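*Asks:* The chain contents come next:
Number of protein chains: 2
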Amino acid sequence: MHPIKIDFSGALEGAIGKESGITPSELEAVLNKARDIKIDFPFLKLPQDKKTVADIQKTAESVRCKFHNMVVLGIGGSALGLRSLAQALLPPYFNLLDSKSRIGLPKLFVCDNIDPDYFGAMLKIIDWRETCVNVISKSGKTTETMAQFYIIRDILNKKFGVRGWKDHVIITTDATSGPLRAIAQQEGIQSFSVPQDVGGRFSVLSSVGLLPAACVGIDINGLLVGAADMVERCKTSSIEENPAVMNGSIHYLMDVAKKKPISIMMSYSDSLSFFSDWYAQLWAESLGKNGLGPTPIKATGVTDQHSQLQLYMEGPNNKILTILGVEKFKTQVPIPTNVSKEFSYLAGRDLGEVIHAEQTSTVKALQQVGRPVIGVTLPEMSARSMGELLMMYQIQTAVTGKLYGINPFDQPGVELGKKLTRELLSKSSA
Amino acid sequence: MHPIKIDFSGALEGAIGKESGITPSELEAVLNKARDIKIDFPFLKLPQDKKTVADIQKTAESVRCKFHNMVVLGIGGSALGLRSLAQALLPPYFNLLDSKSRIGLPKLFVCDNIDPDYFGAMLKIIDWRETCVNVISKSGKTTETMAQFYIIRDILNKKFGVRGWKDHVIITTDATSGPLRAIAQQEGIQSFSVPQDVGGRFSVLSSVGLLPAACVGIDINGLLVGAADMVERCKTSSIEENPAVMNGSIHYLMDVAKKKPISIMMSYSDSLSFFSDWYAQLWAESLGKNGLGPTPIKATGVTDQHSQLQLYMEGPNNKILTILGVEKFKTQVPIPTNVSKEFSYLAGRDLGEVIHAEQTSTVKALQQVGRPVIGVTLPEMSARSMGELLMMYQIQTAVTGKLYGINPFDQPGVELGKKLTRELLSKSSA
Numbered sequence: 479m480h481p482i483k484i485d486f487s488g489a490l491e492g493a494i495g496k497e498s499g500i501t502p503s504e505l506e507a508v509l510n511k512a513r514d515i516k517i518d519f520p521f522l523k524l525p526q527d528k529k530t531v532a533d534i535q536k537t538a539e540s541v542r543c544k545f546h547n548m549v550v551l552g553i554g555g556s557a558l559g560l561r562s563l564a565q566a567l568l569p570p571y572f573n574l575l576d577s578k579s580r581i582g583l584p585k586l587f588v589c590d591n592i593d594p595d596y597f598g599a600m601l602k603i604i605d606w607r608e609t610c611v612n613v614i615s616k617s618g619k620t621t622e623t624m625a626q627f628y629i630i631r632d633i634l635n636k637k638f639g640v641r642g643w644k645d646h647v648i649i650t651t652d653a654t655s656g657p658l659r660a661i662a663q664q665e666g667i668q669s670f671s672v673p674q675d676v677g678g679r680f681s682v683l684s685s686v687g688l689l690p691a692a693c694v695g696i697d698i699n700g701l702l703v704g705a706a707d708m709v710e711r712c713k714t715s716s717i718e719e720n721p722a723v724m725n726g727s728i729h730y731l732m733d734v735a736k737k738k739p740i741s742i743m744m745s746y747s748d749s750l751s752f753f754s755d756w757y758a759q760l761w762a763e764s765l766g767k768n769g770l771g772p773t774p775i776k777a778t779g780v781t782d783q784h785s786q787l788q789l790y791m792e793g794p795n796n797k798i799l800t801i802l803g804v805e806k807f808k809t810q811v812p813i814p815t816n817v818s819k820e821f822s823y824l825a826g827r828d829l830g831e832v833i834h835a836e837q838t839s840t841v842k843a844l845q846q847v848g849r850p851v852i853g854v855t856l857p858e859m860s861a862r863s864m865g866e867l868l869m870m871y872q873i874q875t876a877v878t879g880k881l882y883g884i885n886p887f888d889q890p891g892v893e894l895g896k897k898l899t900r901e902l903l904s905k906s907s908a
Numbered sequence: 479m480h481p482i483k484i485d486f487s488g489a490l491e492g493a494i495g496k497e498s499g500i501t502p503s504e505l506e507a508v509l510n511k512a513r514d515i516k517i518d519f520p521f522l523k524l525p526q527d528k529k530t531v532a533d534i535q536k537t538a539e540s541v542r543c544k545f546h547n548m549v550v551l552g553i554g555g556s557a558l559g560l561r562s563l564a565q566a567l568l569p570p571y572f573n574l575l576d577s578k579s580r581i582g583l584p585k586l587f588v589c590d591n592i593d594p595d596y597f598g599a600m601l602k603i604i605d606w607r608e609t610c611v612n613v614i615s616k617s618g619k620t621t622e623t624m625a626q627f628y629i630i631r632d633i634l635n636k637k638f639g640v641r642g643w644k645d646h647v648i649i650t651t652d653a654t655s656g657p658l659r660a661i662a663q664q665e666g667i668q669s670f671s672v673p674q675d676v677g678g679r680f681s682v683l684s685s686v687g688l689l690p691a692a693c694v695g696i697d698i699n700g701l702l703v704g705a706a707d708m709v710e711r712c713k714t715s716s717i718e719e720n721p722a723v724m725n726g727s728i729h730y731l732m733d734v735a736k737k738k739p740i741s742i743m744m745s746y747s748d749s750l751s752f753f754s755d756w757y758a759q760l761w762a763e764s765l766g767k768n769g770l771g772p773t774p775i776k777a778t779g780v781t782d783q784h785s786q787l788q789l790y791m792e793g794p795n796n797k798i799l800t801i802l803g804v805e806k807f808k809t810q811v812p813i814p815t816n817v818s819k820e821f822s823y824l825a826g827r828d829l830g831e832v833i834h835a836e837q838t839s840t841v842k843a844l845q846q847v848g849r850p851v852i853g854v855t856l857p858e859m860s861a862r863s864m865g866e867l868l869m870m871y872q873i874q875t876a877v878t879g880k881l882y883g884i885n886p887f888d889q890p891g892v893e894l895g896k897k898l899t900r901e902l903l904s905k906s907s908a
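If you read the sequences in order, they're chains D and B.
The numbers in our numbering rise by one with no breaks, and the one at position 301 of the first sequence is 779.
The numbers in our numbering rise by one with no breaks, and the one at position 292 of the second sequence is 770.
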C-alpha cells in the first residue's frame, strides 16, 4: 500500500507569492532550528507494545462475544481518538445497522459530555444486559467521567447485584495511582493501564483508543503497522523528507512570520470529519499557552464550501488550510445520464469524481487568491493509513511545541476552571 | 415563558480591563453608527407568512401519515438550519428510537455532503417505500443537491415507475426560475417556494427549514412565535435594549478595535451544538468578504473544556467567546451519594447542576485572565426559545454587515470554485 502523501508546495512562495508563501530562506532558518529537536517522544513506542495489544485483542474478543453495546465513558483525549477511529473505520451509520449488517459487532456509544438530556436518553435506550462499559480516565479524577461512572454503576448494581455489575465494566486508567485505579483494585474489576508518560491527547494508540476500537472490530494491528511506518519515515536524516517536521515548521512559520494564527483542517471525506476534531484538540491543548499558539478549526468538504469557503476566499488572509483527502473511496455511486441540460457535466459521473473535482477546484481557487494550502492525501480509508496520519500529527505537534519553546505535553490553563467547579459544587452543597 | 437573556458585561472594560474590554466611549461611538442602520430586512417578515405555514402543516401531516423516513437533500443554508432545529428540538438519539418512542414520527436524514461512502450507505439502509425526499435548492442549480436528486430519482423510478416516484418527492426552490422549478412544473411534483429576497443562510424560518421540521414533528408555530417576539424586541427605540444590535456592535468592535478576529460559539448543551454550526455559516458567509470578517468557531461545553479551553485561557488573547446555555434541562440525572472521598462534591448532585457549575466556572476563569465573554441563556430548550435565538442572530448578522460596510447577503467568493469544478468535470468527460 502507498504511504500517505503530503504536498507543501501550496504554502510556498512559488505558489502564492512571498507575502503569504514561505520563502526558501525562511524555511531554511526554521529547519535549522528543527534539526536540533530530538524526535524522541514517549508516544513513539506505543506501536511496539505487543504485550498490551495481545491483552487487548483477547479482551475485545470476549467483549464481542458477550455484548451488543459498547459504552465508552471518557472526555477529551479519552474520547476524540476513538471517535476519529470509529468515524473513519466503521461502516457508515454503524449504530443504525441491524446486527447482521454489523456482522454481530457491538454498537458504540462514546459519552464525552454530561448534558443530562442526552446522557439521560442514552441511559434509557441501552439494554444493560447486553452492554459493556469502558471507563477511561488517565488520572482517574476526571469529574465528568466519574460522575457518569457512578450513575451507571448504580444502574448496573441494581440490575445485576453487588457482584454481577463488575462483569459489565472495564477500567482504563493509570497503572498504580488515582481513585479509578483504587476502585479497580478494591472491586477486582478488569482494567488496562495508560502508560504514565503518555498524556491523554497522545494516547489514541495506547489502550485508551485501542481497547474500545478493537471491541467494535477495528483492525488495531493495521493501525499500529501504519503508525510504526510513520515513526520510521520520520527518522530520515533528510529533514525535507520528514513530513511531520516539515508540516510543523511550515505551520509555525505561518503563525509567527506570516500573521496567520488560524489553522483549518478541512477533510474532503465524511470518514475523516472526526479526525479534524482530534487534530483540533491535539493542536489547541498542546500549543495554546504562554500567549502563543495557532487556533485550529475543523471543516468538512464539500459541505463547508457552502458555509466557510466564502470567508477563506475573501476574508482576512490570516489562515493556513490543510486539505485532507482520500484518493479512492470504497463505494461507487454513479449519477444517471438523463439529467437536465444545465447538469450535463454531471451525467454519468461517479460521486467520487465529483467530490475529487470539487476538492481540486477549491485548492486551485484558494491558491489563485493567495491563500496557503497544504494537501494531505490518504491512498484509501484504511486502518493503516489512519495509523500513519495519527502518528504524523502527534510527532508534528510535539516538534512544533519545541519550535514555539513551550511544553507541548502539559495543560496548566484548565486547572483554574476545575478548581472553581469543585469549589462551587462543594459550597452549594453545604 | 421568559425571553432569552443576553449578558454583555463580560465583554466590557469593567469586567476585563480596557485592553480587551470595550470602553463606554468605544461603545457609544459604534452605537451611534448602528443607530442609522434601518432594521428592515426581508427575512423579518417570515414569521408572518400564515398562508405558507398552513400549507406546510397540511403537507407535513400527510407526510407523517404516509412515511417513516424523511430524507432531505440540501447543503449549506438548505441544511444547517434544519440540522440545528432537529438537534435542539427532537428527542436525543432520534433515529435510534423505535417507532413507538418516536411517536410514529419519521426518522430524519439530512444529506449535506456527497462522500460516496456515506451517501451510498444511506441509500442502502433506507426502505424507499416508506420514504419521503425533500429536495432543497433555492437556485435549483446546486451541484451536490442535484447530483443526489438524480441518483435518488433513478432509484425511485425503478422501484415505483414513471408516475409513482413523484409521490415520494417534494421540491423546495425558487417560485418561478431555475432547473429544479422546471422539473417540478414538468413532472407535476409537489413543491414549495423560497421567497426570492431571502438568501439560503437566512431561510431557516421559510419553507426551507419549516417543511422538513414540521414533517418530523417540530413545533413550527412555537418557533415562529419566538421569532416574531424577537423581531418586536429588536424594534425598541432604546438601542442598549436591542440585543441584536448590541451583540453585533460588540463583536464588530472586538474584531476591528480590540484585535480579536476569532469568535467562538460555545454551547453548554448538546442540543445547541448544531446551532453553533448554523451560526458559523451565517457569520462566515455573510461577513467574510473584502478582506474583512471575523472567523467563527464552534465549541461544545463541557466537552471542549478538555480540548479547546487551554488555548482560550492561555493562548493569544485574540478571541471573543459566546457562552450559550440553557437554564433548565428536561431530564434529571442524579449522581448517587456513595462515591469515593475525592468526589464528595459530586455526591447527590444532578448532572444539570454539574454542567451549570462548570459553565459558571469556565466563564469566571476566562474573565480572571481577561478574556471577553458574552452570555446567552435560554430559559429552556423549546421551539419558542429557538425561534428567538435564530432570529436574533440573523438580525445581528445583517446589522454587523452594515457596520463593516459590506453586503451581508451575497457570497461572491464561492463562484470561482464552482466554475472550476464545472470546467474540470466537463473537460475530463470530453
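Mixed in with the good hints there might be a few duds.
Chain copies aren't distinguished; within one or between two, either way the pair holds.
Straight-line Cα separation of at most 20 Å, EDC-like style, residue types lysine to aspartate or glutamate; simulated pairs [unchecked claim]: (1) K819 x D527; (2) K578 x D605; (3) K880 x E539; (4) K713 x D576; (5) K896 x E710; (6) K896 x D514; (7) K897 x D595; (8) K529 x D652; (9) K619 x D828; (10) K819 x E504; (11) K619 x D697; (12) K880 x E901; (13) K516 x E608; (14) K511 x D595; (15) K897 x E831; (16) K819 x D645; (17) K644 x D485; (18) K819 x E901; (19) K602 x D828.
Bear in mind the hints are in silico, worked out from the structure with no lab data behind them.
The structure presented is a predicted model; accordingly, all values stated were derived computationally and were not measured.
*Asks:* Compare the structure with the hints numbered earlier in the document and write down the numbers of the violated ones, lowest to highest.
*Replies:* Checked against the structure, the hints that fail are numbers 1, 3, 4, 5, 6, 7, 10, 11, 12, 13, 14, 16, 17, while the rest are satisfied.
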